[in-house]
Amino acid sequence: MVERAGVIQAAQRARGLDTEGSVRARLRGIMPLVGPVILSSLTEVEERSLALEVRAFGRPGRRHLLWRIPDSGAQLAARALALLALLAAIVLRATGNLAGLP
Amino acid sequence: MLELRGATYRYPGYAREVLVGIDLVVGDGEIVGLVGPNEAGKSTLCLVASGLAPASIGGKLTGILAIDGESMADRPTHELAERVVVCFQNPNTQRSGIAATVFEEIALGPMNLGLPVAEIVERTREAIALLRLDSIALRDPSRLSGGQAQLVGIASLLAMRPGHVILDEPTAQLDPAGTRLVGEALRALAERGSSLLIAEHKTGLLDAVCSRIVAIDAGRLVLDGPTREVFADPRLEAIGVEPPARQRLATALATAGLEGRVRLADLEAAS
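Protein chains in written order, with our numbering: chain A, 1 to 102; chain B, 1 to 271.
Watch out, some of these pointers could steer you wrong.
Claimed, not checked - Just a few of them, taken from the derived set where beta-carbon distance is under 7 Å, the chain B residues facing chain A:
| id | residue |
| --- | --- |
| 1 | H78 |
| 2 | A81 |
| 3 | V86 |
| 4 | Q94 |
| 5 | L113 |
| 6 | G114 |
| 7 | V117 |
As the list claims (entries may be wrong) - To be clear about the criterion: a stretch of chain A counts as covered by chain B if any three or more of its residues have a C-beta under 8 Å from a C-beta of chain B, and this derived list gives those stretches:
| id | region |
| --- | --- |
| 8 | 32-42 |
| 9 | 69-81 |
In short, the hints are calculated from the structure, not lab data.
Built from N, CA and C at the ideal position, the CB exists for glycine as well.
Just chain A, same shape as in the assembly (with noise of 0.2 Å):
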């Protein structure tokens, strides 16, 4: 969106579009960009989904990937003390027993 953006800006300046200068005249400048950047985006949604969908992205069931990110038992063992934290918290803050707790 911001690669259209940029194209758009640049498409509008060419036109006489005055984009720079004061905070008012900027903001001036923005409406007329506003429009075709969210229609545009709107407008690809349906082939970009469509070029995914060819490509199996709906699949279900297993997925292969290239490489598998390190993963070690430390940082398994942290992420699930972490969601027993997490629990623990959301429980005890049921219970009432973290109510004097900002």
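Place chain B on chain A using the hints.
Chain B alone, transformed into the frame defined by chain A:
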């Protein structure tokens, strides 16, 4: 074999049919070119022949889409993807947006198919070699030129090793060298037995790779025959399709009374 029988299609929310009574068969190993003026229904035919219309975008299809003799009615899109792929003309919409490198972008389809890693890598390397993308394999896919992005999009589909390939103006963003590369890759795919349907305004590419051409106008097939015959048919220009340079030259020679005195085969050999 990819087969459409009496296919009539209407987009959701529209009262008028965009395609009417299309009968089209693309045999295994055959490359068929699809030509027609703007708004003739070429892109819609690509969507219908791939099963994406109506499976993904809705609308009403009457008639039959069959792939390898099996009806594709009511099949989910991921099942269709394992049999037929479609390449769109805008390279930006074909980029997944989740791959860090061109290599990973091309590997995405085989990864989704759940193939073993060794096969994913092999398929990806083969697609990269076929379209000579080695020099950009480790580049960020979002930082490519339009032509490079389109070649990556086509390579991503080749890595799926599809039985049937549909391409909607695949070379719209490509220079002549890129267009030739795509032509070579498509021929290689057909030699392996894939059936290909290519909608294209560049009739020169179709002249070079297709054994058959079908022409569509206002949603109906109006011509269907061997490439040279269809490109020589005056009805083609009448519907607004420009024949390839080879045919225009042949017509000009005939008009000037030089037919037979200058052999096209000699000109082709010289070029």
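Now the hints, each set against the structure:
1. H78: holds, 4 Å
2. A81: holds, 4 Å
3. V86: Nearest chain A Cβ about 5 Å off; hint holds.
4. Q94: The hint holds - B/Q94 has a Cβ within 7 Å of chain A, the shortest such distance being about 4 Å.
5. L113: holds, 5 Å
6. G114: Since chain A brings a Cβ to about 5 Å from B/G114, closer than 7 Å, the hint holds.
7. V117: holds, 6 Å
8. 32-42: violated (count 0)
9. 69-81: Coverage by chain B is violated for the region 69-81 of chain A (0 residues, Cβ < 8 Å).
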